[in-house]
Amino acid sequence: MQAAPNKATPSLYRITRLMLGVFIPILILIGVFNGIRMSSDFEKMINQVEQDVIHSLQLIDDALEILEKVFDRQMLDGLDEFMQAYHASGESPRDLDLMALKGRFNHTMDVYIINSKGIVEFSTIEQDLGLDLTQWADFHEYLETIRAEGVPVVDRMSRETLTGLFRKYGYYPTPDKEWILELGIKPEVIAEYMKKLDPVQVGRRIALSNDVIDSIRIIDRLGWELSMSNPEQIEPFVLARANRVRETRQSLELVNWNTLTRYILQENRGHMMSFGAPDQVIELVYNRTGLITGIVANILVTLAGIIVSLILGYWLKTVEEELRKQAIYDGLTGVFNRRYGMSLLEIEINKASRLNSPLSCLLIDIDNFKKINDSYGHDVGDQVLSKVATELNQTLRAYDVFFRYGGEEFVIVFPGLSLEDAKVCSDRIRQLCAQVSISVDNDKSIQTTLSAGLVLLNQNETSKDLLKRADMALYEAKEGGRNLIRIAA
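Here the sequence shown is numbered in the UniProt record's numbering, starting from 1 and rising by one per residue.
Because the hints were derived from the structure by calculation, they are not lab data. It is possible that part of the hints are untrue.
To be verified - If you anchor each label on the Cβ, the simulated ranges turn out as follows:
| # | residue 1 | residue 2 | range |
| --- | --- | --- | --- |
| 1 | Glu-322 | Ser-89 | 33 to 41 Å |
| 2 | Gly-377 | Ala-148 | 41 to 49 Å |
| 3 | Glu-247 | Arg-338 | 34 to 42 Å |
| 4 | Ser-116 | Gly-480 | 45 to 53 Å |
| 5 | Asp-95 | Gln-447 | 32 to 40 Å |
| 6 | Asp-443 | Asn-368 | 19 to 27 Å |
Stated by the list, open to error - No more than 16 Å apart at the CA atoms, straight line, and that leaves these computed lysine to aspartate or glutamate pairs for EDC-like:
| # | residue 1 | residue 2 |
| --- | --- | --- |
| 7 | Lys-117 | Glu-178 |
| 8 | Lys-371 | Asp-382 |
| 9 | Lys-102 | Asp-132 |
| 10 | Lys-117 | Asp-176 |
Ideal Cβ positions, reconstructed from N, Cα and C, are used throughout, including at glycine.
Put together the whole structure using the sequences plus the hints.
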């Protein structure tokens, strides 16, 4: 059930060493033999730097697009859970415990409810209560469009003009259109990711690697330096130069006695780097003193560009793998989460139907789990969930599907097992769970048991119906005294 190890890393390191071993001598030779063409080499160095910066930004751009998709999925799931809580409250926002709901999102999202007049009537942010959104006409019109369409909508990440912080919101109108349920990912949550994707840090690394470069800045249309975590406003005269480059679509070069300042355009590729302000302008300030040392600097900046590009490429792969794991696995127990587990169940059902092979499914519930939480606290409850999941996972076949269904409930799918064989496996799992012991304060320990419903897939049966029968069998096991397995009819 564990993910396969990433075997690309050693290969990447070998490629890096090979490239450095080949290119460093070549670059040194080029620098030496082109010494008499110092001005030409200086211009080549400038062009290389600009390509490296743009390439690095494109790598960041790709990583941000992946991050955007992950946040979209999290917010859509959160909005669904918000709507379920709204219906469970009898469709009465006043009866909704918004702070508890925020806790279910691990305090990563703020919660709002907007009434039909465009006013924030309920919120986990006290200062936002009573906020009249109609004072922003365009935004209010946007909300009313969402209210009319009646479907969940998630905005793309955007930067606030006043603070420079990144925000992301999602909206879900209630069926009667009286309320709009809103979630907002907290800026500090986004900032944690943005710190790792900060183009300012990339620019500083490139600048520090070459004495000829004084500074590198990326300027957006809103007048901010494009920093993901600590944005700074750009001087008005620099912003005016950047806007001129955007208007003419041509680079701008300003020469002083000891510096060369160039403004180049990075056109928006339609991904995330724009954040509502298309076409970034890159400001590069070069030190022109000593063109001979510029030849050496050309070698260093090329090397720095290669290293930075490879580091970013490797880091991008690592981030993508981490985001993939978060989308697949349950963060507490390490087994598959419900969304991914249900997709695997659908695949196994289709396969069993196509091959006319048996498929059994076991729905598990840890006995007296609420009592454990109430008596010992949620930390101990989390330990119980994690320990039980780990122990059970070690007993399963490589192709069995094990995922957390919700709370203290888990699902195990046995492809190819008849009901009799699945019963044997299920009894072994039940006995193993009874041996799990969790130590608590005062040298006490908690013994766990489980109840489960076992079901065999019927012909043309859906996953929903399969789990419904398993849930009924689980209920019978609970009613029968717990620590039992009941087989569904």
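Straight-line alpha-carbon gap Lys-371 to Asp-382, limit 16 Å: Holds, because 13 Å separates the two Cα atoms, which is no more than 16 Å.
Supplied distance hint 32 to 40 Å, evaluated on CB atoms of Asp-95 and Gln-447: holds (38 Å)
Hint says 45 to 53 Å; check whether the CB-CB distance for Ser-116 and Gly-480 agrees. Hint holds: Cβ distance 50 Å, inside 45 to 53 Å.
Straight-line alpha-carbon gap Lys-117 to Asp-176, limit 16 Å: holds (14 Å)
Does 19 to 27 Å hold as the CB distance between Asp-443 and Asn-368, or does it fail? holds (21 Å)
Satisfaction of hint between Asp-132 and Lys-102, Cα-Cα up to 16 Å: With Cα atoms ~22 Å apart, Lys-102 and Asp-132 exceed 16 Å; violated.
Status of the given 41 to 49 Å range, CB of Ala-148 versus CB of Gly-377: Holds, at about 46 Å.
Is 33 to 41 Å respected by the C-beta to C-beta distance linking Glu-322 and Ser-89? holds (35 Å)
Holds or violated: the 34 to 42 Å window for the beta-carbon distance between Glu-247 and Arg-338? violated (51 Å)
For the pair we were handed, Lys-117 and Glu-178, check the Cα-Cα distance against 16 Å. With Cα atoms ~9 Å apart, Lys-117 and Glu-178 stay inside 16 Å; holds.
The structure fails hints 3 and 9 (numbered hints given earlier, in ascending order).
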